[in-house]
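**Student:** The primary structure of each chain is shown beneath.
2 protein chains.
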Amino acid sequence: MRNIALRLMYDGTNYHGWQFQKNAVTVEETLEKALSRVCGEPVKAVGCGRTDAGVHAKNYCANFKTNSRIPVDKIPLAVNTLLPNDIAVQSACEVDMGFNAILSCEKKEYTYLIYNSRIKDPFYHCRAYFYPVHLNENTMAEAAGAFVGEHDFSAVRSVGTDVQSTIRTVYYFQVERKGDIIELRVCANGFLYNMARAMVGTVIYSALGKIAPESIEEILNSGRRSLAGPTVPPQGLYMTKVWYNGAAGNLMDN
Amino acid sequence: MRNIALRLMYDGTNYHGWQFQKNAVTVEETLEKALSRVCGEPVKAVGCGRTDAGVHAKNYCANFKTNSRIPVDKIPLAVNTLLPNDIAVQSACEVDMGFNAILSCEKKEYTYLIYNSRIKDPFYHCRAYFYPVHLNENTMAEAAGAFVGEHDFSAVRSVGTDVQSTIRTVYYFQVERKGDIIELRVCANGFLYNMARAMVGTVIYSALGKIAPESIEEILNSGRRSLAGPTVPPQGLYMTKVWYNGAAGNLMDN
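So the sequence lines, in the order shown, correspond to chains A and B. Take the first sequence: its position 79, counting from 1, is numbered 79 in this note's numbering, and each next residue is one higher. Take the second sequence: its position 63, counting from 1, is numbered 1063 in this note's numbering, and each next residue is one higher.
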């Protein structure tokens, strides 16, 4: 038996997130169906994170174990032939049997896109959050900086999943305007449920003058969700990078 | 009565092109419905060109005549509220009563995107032509250059529409690679039916060694469609610029 890691991309618009659900089509289920046909046996995939409905991935890692003898470099094209056009496997490699896409993950980067213009752009529909009120990216960057470091992130998570600890380390949270697009990149050793989207909502509130950047530390310390900004919609969110040691690290690095 | 010109964008994926059809949803019909509600009277729009099913527009001009007294600067937001998310009016201006978006048009630019990589990219699905065989952009540029100038373009058009003349002038036809995307920009004083897509197909054939760039002049002179390359799929094609004199010129220039 081998353990195979895949690097994949998907447009999440038509999926109810990554993780298998009984009554909705998910990326996991769609991928597993294609992998099972390629491998000639039922395949169960482990993803590097649950993404919500409508969330996208530019770099996503999943792994699966199989007895199939298909050469690892043949897997991407074989699987892509069976996948719909909104999911693509970029590359594959063999990894240690102990590798697990979510448990072995060291840190992750999410990118959030805001289309910040008075008039909507049809080409960003479902690909960015359309926000017609002008946002000052410098205020946003100042607010974003307040999240960096080790904190209890209870104030910016939604309840719904049990976790042992709500303490995480944010390595960077950068804000950059590129024309009408504001790009927010946040990297952490882990994300609580809806944490990235609630952080972006808080940063937007700072640009609107509803939350002072200086008060964010206090909001985090309070642990009160109601003091932070809203959870922004999923369509602006992309998983953009995942870090591993070893072979999977090289796979996701290229 | 006033004559109003609109600058608009649309993702053509869900439309059967611009022009009204009895049994299919088109951009024209969708826009006219929204404009009629805003103006409180039936409105007929004239577009700057027929685009085919699946073809997109980044800069498209349409005009309509109305007795409505709505201020011209209120039109974009009012119409956008009623339009689906894949069509957006960017701006509007009043133009001479004699202005006609298609007849007054001096020249147009189409851009064609080829996603030229071994593995498909879900984010370019319906937005570019996925072509997994590597294409040399220098050969393509050489072939594209052979179309520039005044020619009879019968060899690169599909029959189906009556035109008085098949002679057109191509001002430029540029090929540029940006990573995995090959961008082809072609500007002419007019385009015959499928002309842009057949020119792109011919340029691709030159990169495949099936048509020598030097033979393109001869192919054009022959007027024989069978000697040129295939008509490439619509989803890679975007109307990107239209030129006018006067107020509509300023509208489309900003």
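One or more of the hints may lead you astray.
In silico DSSO-like cross-links for lysine-lysine, where the CA-CA straight-line distance does not exceed 27 Å [what the hints assert, rightly or not]:
#1 K1241(B) to K178(A)
#2 K1058(B) to K178(A)
#3 K1022(B) to K1044(B)
#4 K74(A) to K241(A)
#5 K178(A) to K1178(B)
#6 K1241(B) to K58(A)
#7 K1178(B) to K241(A)
#8 K58(A) to K1058(B)
These are calculated hints, taken from the structure and not from any lab test. This structure is a prediction, so every number in the text was calculated from the model and none was measured.
**Student:** So, for every hint listed, does it hold in this structure?
**Tutor:** Hint check:
1. K1241(B) to K178(A): Roughly 22 Å separates the two Cα atoms, so the pair holds.
2. K1058(B) to K178(A): Holds, because 18 Å separates the two Cα atoms, which is no more than 27 Å.
3. K1022(B) to K1044(B): 15 Å, holds
4. K74(A) to K241(A): 24 Å, holds
5. K178(A) to K1178(B): Holds, because 18 Å separates the two Cα atoms, which is no more than 27 Å.
6. K1241(B) to K58(A): Measuring from Cα to Cα gives roughly 30 Å; hence the hint is violated.
7. K1178(B) to K241(A): 22 Å, holds
8. K58(A) to K1058(B): Roughly 24 Å between the alpha carbons, so the hint for K58(A) and K1058(B) holds.
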